[in-house]
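> Residue numbers (this note's numbering), protein chains in the order written: chain A, 16 to 268; chain B, 15 to 398.
The reader is advised that the hints may include incorrect statements.
Short derived list, chain A residues pointing at chain B, Cβ under 8 Å [said to hold, decoys possible]:
| # | residue |
| --- | --- |
| 1 | Val78 |
| 2 | Asn80 |
| 3 | Val83 |
| 4 | Thr85 |
| 5 | Gln102 |
| 6 | Phe121 |
| 7 | Gln139 |
Anything over 12 Å on all C-beta distances counts as not near chain B; from chain A, calculated [said to hold, decoys possible]:
| # | residue |
| --- | --- |
| 8 | Gly32 |
| 9 | Asn55 |
| 10 | Gly81 |
| 11 | Glu82 |
| 12 | Glu91 |
| 13 | Glu105 |
| 14 | Glu175 |
| 15 | Glu191 |
| 16 | Arg214 |
| 17 | Arg253 |
| 18 | Val258 |
Simulated restraints on C-beta separations [what the hints assert, rightly or not]:
| # | chain 1 | residue 1 | chain 2 | residue 2 | range |
| --- | --- | --- | --- | --- | --- |
| 19 | A | Ser29 | B | Thr276 | 44 to 52 Å |
| 20 | B | Thr151 | A | Ser74 | 56 to 64 Å |
| 21 | A | Arg214 | B | Arg240 | 30 to 38 Å |
| 22 | A | Ser167 | B | Ala312 | 54 to 62 Å |
| 23 | B | Ile106 | A | Gly81 | 18 to 26 Å |
| 24 | A | Glu91 | B | Gly344 | 51 to 59 Å |
| 25 | B | Arg377 | A | Arg124 | 39 to 47 Å |
| 26 | B | Arg21 | A | Gly157 | 21 to 29 Å |
| 27 | B | Phe359 | A | Phe30 | 32 to 40 Å |
| 28 | B | Ile180 | A | Gln88 | 49 to 57 Å |
| 29 | B | Thr276 | A | Gln88 | 32 to 40 Å |
| 30 | A | Ser165 | B | Phe333 | 46 to 54 Å |
It is worth saying that the hints were derived from the structure and are not from the lab.
Idealized CB from N, CA, C, for every residue including glycine.
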Amino acid sequence: MDNAVLHIADVNKSFGGLHALSDIDLQVMEGTTHAIIGPNGAGKSTLLNICIGRLAPDSGAVVFNGEVITGKQPYEINQLGVARVFQTPEIFPDLTLLQNVMIPAFARRDGAFRLNGWQMASHQAEIMGQAEHWLEDVGLIGLRNRFAASLSRGDKRRLELAMGLVQHPRLLLLDEPTAGMSRHDTNATIDLLKKIKARGMTKVIIEHDMHVVFSLADRITVLAQGMIIADGRPDEVRGNPVVQEAYLGGTNP
Amino acid sequence: MQMTTLRQEVLFMAIFTAAVLTMPFWLEPLGASYPDLLQKFAIYGIFAIGFNILFGLTGYLSFGHAAFLGMGSYAAVWSFKLLTMNVIPAVIFAVVLSGIFAAAIGYVSLRRSGIYFSILTLAFAQMSYNLAYSVFTPITNGETGLQLSLRDPRILDRTLDEAAGIPFPEFFGTEMNGYAGFYFCAVLLIICFFISMRIFHSPFGMTLRAIKSNQSRMGYTGFNTRPYTLAAFVISGMYAGLAGALLAVTDPLAGAERMQWTASGEVVLMTILGGAGTLVGPVIGAGVIKYFENIFSAYHEARLHEIFSFMPEPLQNFFVTITAPFVGEGWFLTLGLIFMLIVTFLPGGLMEGARRLGGLVVRRKSQQEPDKLATAGVGAQDHG
Chain A
16 MDNAVLHIAD
26 VNKSFGGLHA
36 LSDIDLQVME
46 GTTHAIIGPN
56 GAGKSTLLNI
66 CIGRLAPDSG
76 AVVFNGEVIT
86 GKQPYEINQL
96 GVARVFQTPE
106 IFPDLTLLQN
116 VMIPAFARRD
126 GAFRLNGWQM
136 ASHQAEIMGQ
146 AEHWLEDVGL
156 IGLRNRFAAS
166 LSRGDKRRLE
176 LAMGLVQHPR
186 LLLLDEPTAG
196 MSRHDTNATI
206 DLLKKIKARG
216 MTKVIIEHDM
226 HVVFSLADRI
236 TVLAQGMIIA
246 DGRPDEVRGN
256 PVVQEAYLGG
266 TNP
Chain B
15 MQMTTLRQEV
25 LFMAIFTAAV
35 LTMPFWLEPL
45 GASYPDLLQK
55 FAIYGIFAIG
65 FNILFGLTGY
75 LSFGHAAFLG
85 MGSYAAVWSF
95 KLLTMNVIPA
105 VIFAVVLSGI
115 FAAAIGYVSL
125 RRSGIYFSIL
135 TLAFAQMSYN
145 LAYSVFTPIT
155 NGETGLQLSL
165 RDPRILDRTL
175 DEAAGIPFPE
185 FFGTEMNGYA
195 GFYFCAVLLI
205 ICFFISMRIF
215 HSPFGMTLRA
225 IKSNQSRMGY
235 TGFNTRPYTL
245 AAFVISGMYA
255 GLAGALLAVT
265 DPLAGAERMQ
275 WTASGEVVLM
285 TILGGAGTLV
295 GPVIGAGVIK
305 YFENIFSAYH
315 EARLHEIFSF
325 MPEPLQNFFV
335 TITAPFVGEG
345 WFLTLGLIFM
355 LIVTFLPGGL
365 MEGARRLGGL
375 VVRRKSQQEP
385 DKLATAGVGA
395 QDHG
C-alpha cells in the first residue's frame, strides 16, 4: 500500500495568462481510491487530461509505475494501464453497447495494433464474454444490442465505466462518474466501485457529489485555483477550515 | 462487426456467388446482358467494394482512388508487354504495385482527417494524372495511352515460341474477351467480396468502425489508429489496382484519363448511391451507375422521337426538347439528379431503401396477423 502508482511531480499548466495548475505535486498510492475535489475551474479535469496525454504540461512530469509518461501518446499511456472515464461521456455512438465494451477489451488483449482480420467468430467468444460480464455489472446487459447513441446520459456514463473496467487498468481515472445519474444508479455505481476496490484497482476520482466522495475515498486532495489547498484522509479534509472556506461552503457536511 | 454466424456467412456468400455467376441470364430482360457491360459491372463492383472498406468503415473519404485504378492498368499493360500475355502475373503485379503506391500516399495523407484528407488524396491523384501526361510519358506513353505492340519483348512468351501478331490477354490459353473475360472478373469479384465480408465481420473491421465513430476516443482506449487507417487505405488501394488491372485485361490499353478526378468521384458516387458501410451496397451502386451510363448515354434525339412518336408532332417535339439534355452526352445530368434524390431522401443509399421496404412488408404482415387471429377467434365462437 505504500508505493505510489501515480506521481504527479511539480506540474504547471497555463492557458494564456490563466494558471490552470501551479506546482501540483501529488502521489496516488497503490490500491487506494484517491478523490480530487474542488470548485469548478479548480483544474481537476486539466490534471486528468495531463495524466492521459491529452494535454502536455508546461513543466513537471507525470510518473506512472516508475515510468515517466509525459510526452507519450495517449494510446501508449493506456497500454501501460491507465484508463479514463470522461466527464462528458466519450463512447462510440454508432456501435452497439456490446461492441463499445469489446473494443477496449481488444485493445487490452491485442495491444495498440494488430491486424486480426481473419479471426473466426468462435475466437471472439472470450472477448464477448468479458464485455457481457461488465455490461451485466453496470446493469446494461439488457440493452447490449442497442446502439450507444440511443442511451441516456446516465446510461452512457455507466457504459463508459464498463469500457474502463473491462481493461482491468492498474489505474482508473474517473471524471464525475455519477453526474446525471439518479440516486439509485449512483448508489449502484458506488457499490460497483467498492467491489472493484476489493480487487486492488487504484482509482482517481473527481466528483462533486460529497456522498460519493466520502463513501469511496481513502484520501482526498482539494484543489482551488490550480493549487492544492489540502491533502489527507477524508476526516482530516472534512475538518479542515481552509477547505470549508473554499469549497464545502463553511458548513459541516 | 455484426454478430453473424458462420452459417449465415456461408448462405450469404452462396447467394452472392449465384447472383453474380448468373448475371448474363437475369440481366437479359434489362438489356444489359452483353459481355462489355457485364465486365464493367464486375470491375467497378470490385473498385467500389475496395473503396467502401476505406470510406464505409473508417469514414475517410478519399478523392484520389482513381490514381490506383490507373496505376493498376499501367502495371498490367507493362506486365503484358514485358513478361507474358497471361493475366495472372499482370494482376499480381498491378495489385502489389498499387498497394505500395497506396502505402506511400496513405502515409502522408492520413496525417490529416476530414476535408484535409480528401484534399490531400485529390491533390496526389491529380499530380499522378498530370505526371502521366508529362514527366512519365516514357512509362505511360502520354496522350496516346499505353498499348501493346509487336515489338514488345514478352520475355516469358517468347521462350514458349508463340505465334506472331498482337495477342490478347489470356488465362492459360483462354482469351480474356467476351464471356470468358466476364467470368474471370466475376470470380475475382466474388473473392474480393468474400475478403471484404470477412473484414467487415472481424475485430479489425469493428476497430475501423470504432475509428469512424469516435477517433479520439480510440487513443484513450489504447489503440494506435494510424496503422489501422493505413491498412484500410492500402487494402482499398489494392482493390482499386486490381480493378484497374482488370480493365486492362479485358481491353489491353491504359490511358491517363483513368486517373482523372472524375473517375475518383465516380467511385464515391457508386458507394454512396448503393449505401456506404453496407456489404452489397457498393456493388449495387456500381451496377446501377454503369447500367444507366450505358442506357442513357446510348440514347439520342432520333431515338427520343421514336419513343414519343405516339404523340402529335408539336407535343412530341416539346418532350424531345425537354428530355434531350438528359441523355447521350448529357446523361451526367440524369446521374446528378438521381444522386441528389438518393442523398436527400435515402441518405443510407439504395440499401437503406431496400431495408425500409423490407420493414414495411414486415409491418404489413404483423398487422395482418392479428386480423387473422381475430377472424379465427370469431369462427371458433361460431362453432361453439
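> So, for every hint listed, does it hold in this structure?
A quick look at each hint next to the structure:
At its closest, the beta carbon of Val78(A) sits 19 Å from a beta carbon of chain B; the interface hint therefore is violated under the 8 Å criterion. Look at Asn80(A): its Cβ only gets to about 16 Å from chain B, farther than 8 Å, so that hint breaks. At its closest, the beta carbon of Val83(A) sits 19 Å from a beta carbon of chain B; the interface hint therefore is violated under the 8 Å criterion. Checking Thr85(A) against chain B: minimum C-beta separation of about 16 Å lies over 8 Å; hint violated.
Hint status for Gln102(A) relative to chain B: violated, with the closest Cβ pair at about 13 Å, above 8 Å. Contact between Phe121(A) and chain B, as hinted, is supported at the beta carbon level, the nearest pair being about 5 Å apart and thus within 8 Å. For the restraint placing Gln139(A) at the interface with chain B, the shortest Cβ-Cβ distance is roughly 7 Å, inside the 8 Å limit, so the hint holds. Residue placement check: Gly32(A) keeps its beta carbon more than 12 Å from all beta carbons of chain B (closest about 27 Å).
The claim that Asn55(A) is not at the interface with chain B holds, since no C-beta of that chain comes within 12 Å of its own (minimum 23 Å). With a closest Cβ-Cβ approach of about 20 Å to chain B, Gly81(A) is found to remain outside the 12 Å limit, as its non-interface label requires. With a closest Cβ-Cβ approach of about 16 Å to chain B, Glu82(A) is found to remain outside the 12 Å limit, as its non-interface label requires. For Glu91(A), the condition that its CB be more than 12 Å from all CB atoms of chain B is violated, with the nearest at approximately 8 Å.
For Glu105(A), the shortest C-beta to C-beta distance to chain B comes to about 5 Å, within the 12 Å cut-off, and the non-interface label is violated. Taking the minimum C-beta to C-beta distance to chain B, about 9 Å, the non-interface status of Glu175(A) is violated against the 12 Å cut. The Cβ of Glu191(A) sits about 16 Å from the closest Cβ of chain B, beyond the 12 Å cut-off, so the non-interface label holds. Against the 12 Å criterion, Arg214(A) stays outside the reach of chain B, whose nearest CB is about 20 Å from its own CB.
Under the 12 Å C-beta cut-off, the non-interface status given to Arg253(A) relative to chain B holds; the minimum distance is some 33 Å. For Val258(A), the requirement that its beta carbon stay farther than 12 Å from each beta carbon of chain B is met, with the minimum near 31 Å. Between Ser29(A) and Thr276(B), the C-beta spacing of about 51 Å keeps the proposed range 44 to 52 Å intact. Separation of Thr151(B) from Ser74(A) is about 57 Å and conforms to the stated range, judged on CB atoms against 56 to 64 Å.
Range check, Arg214(A) to Arg240(B): about 34 Å between beta-carbon atoms, so the 30 to 38 Å window is met. The given range of 54 to 62 Å is respected by Ser167(A) and Ala312(B), whose C-beta atoms sit roughly 56 Å from each other. Distance hint check for Ile106(B) and Gly81(A): the Cβ-Cβ separation is about 50 Å, which falls outside the suggested range of 18 to 26 Å. For the pair Glu91(A) and Gly344(B), the beta carbons lie near 55 Å from each other, so the given range of 51 to 59 Å is met.
At about 41 Å, the CB distance of Arg377(B) to Arg124(A) agrees with the hint of 39 to 47 Å. About 26 Å separates the C-beta atoms of Arg21(B) and Gly157(A), a value consistent with the hinted range of 21 to 29 Å. Here the CB-CB span from Phe359(B) to Phe30(A) is close to 46 Å, at odds with the stated 32 to 40 Å. A hinted range of 49 to 57 Å holds for the C-beta pair Ile180(B) and Gln88(A), which are about 55 Å apart.
The beta-carbon spacing between Thr276(B) and Gln88(A), approximately 39 Å, falls within the hinted interval of 32 to 40 Å. At roughly 49 Å, the beta-carbon separation of Ser165(A) and Phe333(B) lies within the given 46 to 54 Å, and the hint holds.
In summary, the structure is inconsistent with hints 1, 2, 3, 4, 5, 12, 13, 14, 23 and 27 from the numbered list given earlier, while agreeing with the others.
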